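The residues making up each chain are set out below.
6 protein chains.
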Amino acid sequence: MYNQRYESGLEKLKEIDGEVGQKVIDSLASISPDLAKYTIEFAFGDIYQRPGLDLKSRELATVAALTALGNCQPQLNVHINGALNVGCKPEEIVEVIVQMAVYAGFPASLNGMFVAKEVFVERAIIKV
Amino acid sequence: MYNQRYESGLEKLKEIDGEVGQKVIDSLASISPDLAKYTIEFAFGDIYQRPGLDLKSRELATVAALTALGNCQPQLNVHINGALNVGCKPEEIVEVIVQMAVYAGFPASLNGMFVAKEVFVERAIIKV
Amino acid sequence: MYNQRYESGLEKLKEIDGEVGQKVIDSLASISPDLAKYTIEFAFGDIYQRPGLDLKSRELATVAALTALGNCQPQLNVHINGALNVGCKPEEIVEVIVQMAVYAGFPASLNGMFVAKEVFVERAIIKV
Amino acid sequence: MYNQRYESGLEKLKEIDGEVGQKVIDSLASISPDLAKYTIEFAFGDIYQRPGLDLKSRELATVAALTALGNCQPQLNVHINGALNVGCKPEEIVEVIVQMAVYAGFPASLNGMFVAKEVFVERAIIKV
Amino acid sequence: MYNQRYESGLEKLKEIDGEVGQKVIDSLASISPDLAKYTIEFAFGDIYQRPGLDLKSRELATVAALTALGNCQPQLNVHINGALNVGCKPEEIVEVIVQMAVYAGFPASLNGMFVAKEVFVERAIIKV
Amino acid sequence: MYNQRYESGLEKLKEIDGEVGQKVIDSLASISPDLAKYTIEFAFGDIYQRPGLDLKSRELATVAALTALGNCQPQLNVHINGALNVGCKPEEIVEVIVQMAVYAGFPASLNGMFVAKEVFVERAIIKV
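Chains as they are written, first to last, in this note's numbering: chain A, 19 to 146; chain B, 19 to 146; chain C, 19 to 146; chain D, 19 to 146; chain E, 19 to 146; chain F, 19 to 146.
Isolated chain A, as found in the complex:
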């Protein structure tokens, strides 16, 4: 029943986010499984499949955008994890978030950094 975009999207989601893919599907199952399906098909089956930009650059661009938007902290947590999973260095993630102070202001940058701190502590990259 599910199509090729879904299948390759799910695989890409696992490559980037590990277990999180299944969690997204599960958390939406009772209310809108289709929103999970679209997330997988469009974000991971269409966009993250595209050539022309490597996965590390894609994840850094996403960290930049979610930090700047400032109201997407659950997704920022997921994508900081994703960035680390595909090989971004912690310093690169920190650099992108610091840089957002220029474009979106210090509150956005600080709030993004506190999300990164949470992730880095969970993954024992830094101590509290």
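Source of the hints: derived by calculation from the structure; they are not laboratory data.
Note that this is a predicted model, so its numbers are computed, not measured.
Among the hints, a few may not be true.
[Claimed, not checked] Each computed EDC-like pair below joins lysine to aspartate or glutamate, with the alpha-carbon atoms no more than 20 angstroms apart: (1) E:K107 / F:D72; (2) E:K74 / E:E33; (3) F:K145 / C:D44; (4) B:K135 / D:D44; (5) D:K74 / C:D72; (6) E:K41 / D:E136; (7) F:K107 / C:D52; (8) D:K107 / D:D72.
Please arrange chains B, C, D, E and F on chain A, whose structure you already have, making use of the hints.
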């Protein structure tokens, strides 16, 4: 009178944006030369000087953020030019802007792409 | 002392939100009763009284806007409840929130859906 | 080469927006035909095909969101036209935009109304 | 037919914005005279009438907010004029806009400053 | 090693925010001490040192902007405290936040007011 942060910021601004540095200074001269000074000192003298992330990745992160924020089109124009100047390929810029459809919605992505189109036409990368 | 706009606004607020009207008034009593008063007078005494658009369409428009804005989760909770109270079907609310993925991006849509899930679980429309 | 989602999306886009569909495709042809393709496939081939909410309510929800976001005026123009094309009354569109003053502030509402005025004048619904 | 809030709002609007009051009313006359009415009643008849904060501080707060929001340039133009009309010094307005670089980023601050420059040139406070 | 901007910024931060300055430094120590350093140098060493606008007006402008942006609640808490510390009256802060209903909508104003309520209760200005 100007300090080292200003001097190295101005140099970095020229490296990234060519003539635009002087234009920013000039356009603010009659109202707030200090805002030009801070832009140069903080953005280009502090942030863009930092090791830990190469200039191409910095410019792609900026293109991502400005596209997502959606109300910074003059700055997006400047930074798409900057991204090209420091060696980003046109396809990489297009990829970042397309990807923003996922995180900030299609209107933000479309409006960012029309700014890129303007820049690419000016630089004869594409024809109208 | 209170005027006709306030009286009819309070009545409309009760029609839409049940007990929430009194809670808003109470929660602001110690700091800014006037902000409660303006909310009731302007939002519910002026706007929601207007002919030309039925209450269900008004509530769906509000759910759309609050989901897209992305930083108004307490108000989104109130208005998802309000939408149900005035006769919107759960599926209609879900549809509006899914649609916001197109205009405001997937994070806004996902975060809005998790607010809807909370409300739907509280009201036993779905199970966790 | 294009799939069923694209074909039905294009048809839906024509139903809603008339000639605008082809204009979007054309305007992106030289820089990112894929962004046009995704807009058609995802927005119009997936979302606007869904049962559970009628087209008129979908368009009013979109007008609400684009007015509230405040930085999507070209898309707001398109969707005010779309709303009229699928049978929304001018008054209903005006009502949604007025209501946004409550949720996104008067500037967003006023700027949205000026876009509506432009569309209504073009379509001779009102005189300047 | 119009009430006391409208009358005192209109007077306050004239005190702050001079001729602009009538222009707002006129520009909305053909599409939504009620939105003009609410702007006058609520913004100028309720809020700007309140004791507890002087008009100069109110206008500086508005300039801060509109600069930070970044997508309200017509309203920012009006309120920079209003701030000058009620006695704010040009330097105070410039200071507020510069300060927004900290909270909303440099693009918002720069774009706000270019609106101020326009107003200051029109009023011959500065030369181009 | 730290420069004069840092030293005077730290002093200003203590004047405005009391103990919070050291907390910001500490909370970022393990992940990005430079972001703390830039906050102190640029925000408090450059901007808040400037003549041309008194500290009370600066803090009210910041409260306005952070309320309007709507996704900076930790920073809004800090600056409502800061505003009180530099001599703003509670009523003035409340007035600025109420006024934001006009420019950023009622949800932003309400959410800002609830942050103020938290601060006012902590400081025993009001009772719960």
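Output the numbers, in ascending order, of every earlier hint that fails for this structure. As far as the earlier hints go, not one is violated by this structure.
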